[in-house]
Amino acid sequence: MDDVDDINPFSSDAGSPIIAANLSLDEDLSPPDTPVNAPARLSSPGPTPPAKRPLPLSSSSSRQQPPKTDFCCTRDQWLHSGDDVEILVTGAQKTSDNSKTPYIAYIIQTGHVETRRRYSEFESLRNSLVKLYPTLIIPPIPSKQPISDYAVKQAKAKEDANLISRRKRMLHTFLNRMARHPILSNEHVFHRFLQSDVSWTEVLHSPPISTLPKNILKAPAHAPTDTTSAQVYAALPNPSAAQPLRHPDARFLESEIFTDKFANHVSGPMEKVTRRVMKRWAEYSHDHADLGAAINGFSLNESGALAASLEKTGQAIDTGYLSTSALLQEMESTWAEPLHEYSQFSSIIKKLLMYRHQKHVQYEMTQDGIESKREQLQTLERNEQEAQRLEGALSGSTIRPSRSTNSGTNGSGSDENPETREQDDAEVPPYSPPPPPARRGPPAMGFLHALSYTLHGMMDVDPETARRNSITKTRETLSQLEDALQASAQDLKYASSTIQADLDRFQRQKVADLREMAISMARSHRDWCKKNLEAWEEVKRETSKIEDHPNRLPLNEPASAPVSEPTTGRPT
Amino acid sequence: MEEDDVFDSVTWDTPADVRNNDTHTPLGQGTPVGLGFRLPSESDTGPRDPNEPKWEGYLVTAVQDPVKELAETKDTYVSYLVSAKTNLSHFTNKNPSARRRYQDFRFLRENIAKDFPACVVPPLPEKHRMEYITGDRFSAEFIERRRQDLALFLERIGRHPVLQRATLVQAFFESTEWSVKMHQHIAHPPGPEPSPSLLDNLSDSILNAFARVRKPDERFLEMRENVDKFEEGIQGVDRLWMRSKTRVNDLTSDYHDLAVAVQGLGFLESGITDPLNHFSNTLLEFSSIMRNCNDNTTEPFLNHLHSLLQYSHTNRAVLKLRDQKQLDFEELSAYLSSVVEERDRLAAIVSGRAGSSGLGLGSYIRDRVDALRGADDDRSRVEKMRKLDIKIKELQDAVTTAHDTSDAFSDQTLSEQAVFQHAKEAEMKTMLTNLADGQIAAYKESMQEWDRIIPILQRIRVDV
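As given, the protein sequences belong to chains A and B, one line each in that order.
Counting in the UniProt record's numbering, the first sequence runs from 1 upward without gaps.
Counting in the UniProt record's numbering, the second sequence runs from 1 upward without gaps.
Everything labelled a hint here was simulated from the structure, so no lab data went into it.
Be careful, since some hints might not be right.
[Claimed, not checked] In silico DSSO-like links for lysine-lysine, alpha-carbon gap of 30 Å or less:
(1) B:Lys-94 - A:Lys-530
(2) B:Lys-444 - A:Lys-531
(3) A:Lys-545 - B:Lys-54
(4) A:Lys-530 - B:Lys-444
(5) A:Lys-545 - B:Lys-391
(6) B:Lys-387 - A:Lys-545
(7) A:Lys-540 - B:Lys-429
(8) B:Lys-429 - B:Lys-391
(9) A:Lys-540 - B:Lys-245
(10) A:Lys-531 - B:Lys-94
Note that the structure is predicted; figures quoted are calculated from it, not measured.
Turn these sequences into a full structure, and let the hints guide you.
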C-alpha cells in the first residue's frame with residue numbers, strides 16, 4: 001500500500017541524459033594517483049599501437065558539452081580535460097598474475113596511468129555496461145575467437161600474434177569510443193577499469209554492478225540499480241520479444257527495418273566481398289614473392305645491362321609483394337575491422353531496439369492488466385452493492401453460503417458452475433462482464449477455479465469479509481498497476497528518447513567512420529600505386545641502358561612505320 | 001703405337017689445343033662488356049674475332065594491315081602487308097613492301113631452314129594456335145595475335161646477319177611474282193653460303209643416335225648449360241606470371257563486386273549516397289584499369305616470353321646438331337682407326353709371322369681358325385690389305401671432311417650464339433620496356449583515380 005503513494009522516481013530526473021554519473025559517486029574508493037596536471041604532455045602521441053585507427057570522433061563530443069567541473073576521480077578529470085585525449089593499448093603481455101593459467105594482458109595507457117586488463121575483463125566490463133545502460137549503444141569489443149580456431153591450433157591459438165594485434169586494435173577502438181561517448185565517459189565503473197590499482201574483481205562485486213537486477217526489463221530504464229522502485233517494477237509483466245505491438249511507434253519501426261537492412265548488407269555483401277578481396281591480395285602478394293625470387297634468379301644467368309634490368313624487374317615485383325602486404329595490413333585495420341565492428345554494432349542496435357520494443361509491450365500489457373482489473377473491481381463492487389441491498393431487504397435472515405461463492409467466481413467463468421448459477425439467477429443481474437483477454441483460460445481451468453472458490457466459500461466462516469478482502473486486494477493491485485503503468489510510461493518515454501538520441505549520435509559517428517574508412521582505403525591504394533609506380537620507373541630507366549640491336553635504322557633516318565611498329569605492342 | 005700417330009695427324013687434337021687456348025685466355029683477362037656478349041671466345045680479340053657476327057646493313061621489318069582476302073568463299077585467307085627499310089645492297093628498293101599470307105611465311109621459313117642448317121632460324125607461330133580459344137580463325141583477336149607473331153618472326157630474320165642477306169628473304173619483301181620465285185627456288189636451290197651447303201652432304205651419318213660426344217668441348221657445354229638455364233628461367237617465370245595474371249583477373253572481379261557492395265551501402269546511407277557512389281565508381285575504375293593492364297601488358301608480355309622460349313628451342317636444336325656433327329667425326333675417326341689397326345695386323349703377319357706376339361689372343365685365335373680353314377695364304381692377306389688400304393683412303397677423306405664440317409659447324413655455332421644473344425637482349429629489352437610502360441601507365445592512371453576521390457570523400461560533412 002505504501003508503495004502506491006510513493007513519489008515517482010522519474011519525476012525528478014527522467015529525461016536528463018547524465019543520470020548515472022552520480023550513481024556511483026559514493027563509490028570512489030580508489031585513491032587518486034599522480035595528479036594529472038600536464039595536459040600538454042597528455043595529448044602528445046606517445047607510443048602508439050602499430051596500426052591505430054584514426055577515430056573521427058576525436059574530441060568533438062567533449063567539446064560540445066560545457067566543460068565539466070565535478071569530476072568523480074582523476075580518470076574522469078583526465079578524460080574530460082578538454083584536450084584530444086586518447087587511450088592507448090600499448091602492448092599485450094603474457095602473464096599469469098592472479099590466475100592459475102597464463103593469459104594475455106593488454107596494457108592500457110591513460111595519460112600517465114598504465115593498467116593491465118585481460119580480455120575477459122573487457123568482456124565483463126562491457127556486459128556490465130550493457131545492463132547499466134540498457135538504452136545506450138555500448139560499443140562492441142572484438143568477438144570471441146571461434147571455437148574451431150581452438151580446435152585447429154589448440155593452445156597456440158591464444159598466442160597467435162595476429163589475433164592479439166587485432167584484439168589490441170579493436171580494444172583500442174572500444175576504449176576510445178567509450179571515452180568519447182557523452183554519457184558513458186562519465187561512468188565511474190569505466191574510470192575504475194582504467195585505474196591501475198583497482199582490482200577488477202572487486203569492482204564487479206561492489207555496487208553498482210553487484211546491485212544490478214536480474215531482469216533489466218523489470219528495472220527502471222534510466223537507472224537499473226535503483227531499488228527504491230523495485231516493487232513498482234515487480235508488478236510489470238515480463239513481455240516476450242516476439243509479441244507484436246498494438247500501437248507501434250512509426251519511427252522505431254523504421255529504425256528496426258533500417259537496422260535489419262544495414263546489418264544484412266554489412267555482414268552480407270560488404271564483409272564477404274572484403275574477405276574475398278583480402279584473401280586474393282594475400283595470394284597476389286604471395287605470388288609476387290615467388291615471382292620476384294624467380295626473376296632475380298633468372299637475372300643471375302644473364303650479364304651486363306640485361307642482368308641489371310632483370311634484377312630491377314625482380315625488385316619491382318618484390319616491391320609489388322611488399323607494398324601489397326602493407327596494403328593488406330592497412331585494409332585489414334582500416335576497412336575490414338571497422339566493417340566488422342559495424343556489423344557488431346548493428347546487432348547491438350537490434351538488441352537495443354528489441355529492449356525498447358519489450359518496454360513498449362510491457363506498457364501495453366500493463367494497460368490491459370489495469371483494464372481487466374478495473375472490470376473485475378467493478379463487478380465486485382456491484383456484487384457488494386447487490387449484497388448490501390439484499391441484506392437490507394432480508395434483514396435478519398440467514399446467510400446463504402452460495403452467495404459469497406458466486407461473488408468469488410465472478411468474472412472467471414461462472415457458467416461452469418450450474419449449481420450456484422441456478423440459485424443466483426434471481427439475484428445476479430443478467431449482465432456478465434467479459435473476462436479480460438489476458439486472463440481467459442481454457443474451460444477446464446475455469447472449472448477448477450470455480451471449484452476452488454466454492455470450497456473456499458464453504459470453509460469460509462465469514463464470506464462477507466472475504467468479499468470485502470477481495471475488493472480491497474483488487475483495489476490494491478489496481479493502484480499498484482496504475483503506479484506501474486505510470487512508471488512504465490515514463491520508462492518507455494525515457495528509453496525512446498535516449499535510444500533515439502544515441503541512435504542519432506551513432507548515425508553521425510557512422511557517417512564519420514565510413515568517411516574515414518573510404519579515405520583510408522583510397523589513401524592506402526594510392527600509396528600502393530605510388531610505390532609500384534616508382535619501382536617500375538626504375539625498371540624503365542634500367543632497360544633503356546640495354547644496347548639496341550645492331551640491326552636498326554641509322555639515327556638520322558626519320559622514324560616511320562616499320563620502326564615505330566613494336567613487335568608486341570599494345571593493339572592500336 | 002704408330003697407328004695412333006698416323007691418326008693423330010688427321011684428328012682435331014691440334015686445332016683443339018689452339019681452341020683451348022682461345023677459351024682460356026679471355027677468362028683470365030676479364031671480359032670486356034662493350035658488346036654485351038657472354039661467350040668468352042667472342043669478346044677477347046675484339047673486332048678481329050671470326051665469331052663476332054657482322055651486319056652488312058640493316059633490315060628493319062614490319063607486318064601490318066591484315067586484310068581478309070576472298071571473303072565469303074571457302075578459300076578465304078588473310079594477307080598482311082610486309083614492309084621493310086633496308087640499306088642492304090642486293091635489295092633493289094630501300095623501302096620494299098608486299099602482301100603475303102601465312103603460307104608464304106611458312107614457305108620462307110622452311111626453305112631458309114633447309115638452306116641454312118647451321119643457323120638458328122626463328123620459329124613461326126603454329127598454324128592454329130589460338131583458333132581453339134577464340135573459335136574463329138578470322139576473329140580480330142586471332143589475326144592481331146598472328147600479326148604480332150609474324151612481325152616478331154620477320155624482325156628476328158632481319159636481325160640475323162646471315163639470314164637477312166638470304167635471296168629468298170629479299171624476294172619475300174620485293175618480288176612481285178612471289179609464286180614464280182617459290183617454284184624456282186624449289187627447282188634450283190641456290191647455293192647461298194659455302195659452308196652450310198658443305199655441311200649438307202654428310203647428313204647420312206653412320207652413327208647411332210644415342211652415342212655421346214667423346215671429347216666434349218667446354219665452350220659448347222657451357223652454351224648448352226646456359227641455354228638450359230635460360231629456358232628453365234623463362235619457364236619458371238612464365239608459370240608464376242600466368243598464375244599472377246589469373247589472380248589479377250580474379251581481383252578485378254572482386255573489386256567489381258566491392259564496388260557494387262559500396263553502392264548498395266550508398267543506397268542505405270541516404271546522407272552520403274553521392275560520395276559513396278563516387279567511391280564505388282573509383283573502385284570500378286580501378287578494377288578496369290587492372291584488367292586493361294592485364295590484357296594489354298601482361299598478356300603480350302607472356303606471349304612474347306613464350307615466343308622467345310620457342311626461339312631458344314631452335315637455338316638448342318642447332319647446338320644439338322653441332323654435337324651431332326662432332327659425333328660424326330668422332331665415330332668416323334674411330335672406325336678409321338679400327339680399319340687401320342686391322343690392316344697393320346695383316347701387314348705384320350705378312351711381313352713375318354712372328355709379329356703376332358703383341359697382337360693379343362683374339363688375333364692369334366683368328367689366325368689359327370683361318371689356318372685350319374686353309375685360307376691363311378699370304379696372297380689372300382695381301383688382297384685383303386689392298387682392299388683395306390682403299391677403304392682407309394676413303395675413310396681418311398671422310399674423316400677430313402667430317403672434321404672440316406664439324407669445325408665449320410662449331411664456328412658457325414659460335415657465331416650463331418652471339419647472334420642469338422644479341423637478338424635475345426634486344427627482345428628482352430623490348431619486352432621489359434613494354435612491360436614497364438604498361439605498368440607505369442596503369443599505376444599512374446589508378447593513382448590519379450584514387451587521388452581524385454580523396455577530396456570528394458573529405459567533403460563529406462561530419463558533425464559529431
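Checked hints:
Restraint check for Lys-94 of chain B and Lys-530 of chain A: not satisfied, since their Cα atoms lie roughly 46 Å apart, outside the 30 Å limit. This hinted pair checks out: Lys-444 of chain B and Lys-531 of chain A have alpha carbons roughly 11 Å apart, not beyond 30 Å. Among the hinted pairs, Lys-545 of chain A with Lys-54 of chain B is consistent with the structure: their alpha-carbon atoms are about 22 Å apart, no more than 30 Å. A hinted pair counts as satisfied when its Cα atoms are at most 30 Å apart, and Lys-530 of chain A with Lys-444 of chain B qualifies at roughly 8 Å.
Only pairs whose Cα atoms come within 30 Å are accepted, and Lys-545 of chain A paired with Lys-391 of chain B is rejected, the gap being roughly 59 Å. Our distance criterion of 30 Å between C-alpha atoms is broken by Lys-387 of chain B and Lys-545 of chain A, whose separation comes to about 65 Å. The suggested pairing of Lys-540 of chain A with Lys-429 of chain B holds, with an alpha-carbon distance near 10 Å, which does not exceed 30 Å. The hinted pair formed by Lys-429 of chain B and Lys-391 of chain B fails the criterion: a straight-line CA distance of about 55 Å is larger than 30 Å.
With a C-alpha separation of about 21 Å, the suggested pair Lys-540 of chain A and Lys-245 of chain B falls inside the 30 Å cut-off, and the hint holds. The hinted pair formed by Lys-531 of chain A and Lys-94 of chain B fails the criterion: a straight-line CA distance of about 46 Å is larger than 30 Å.
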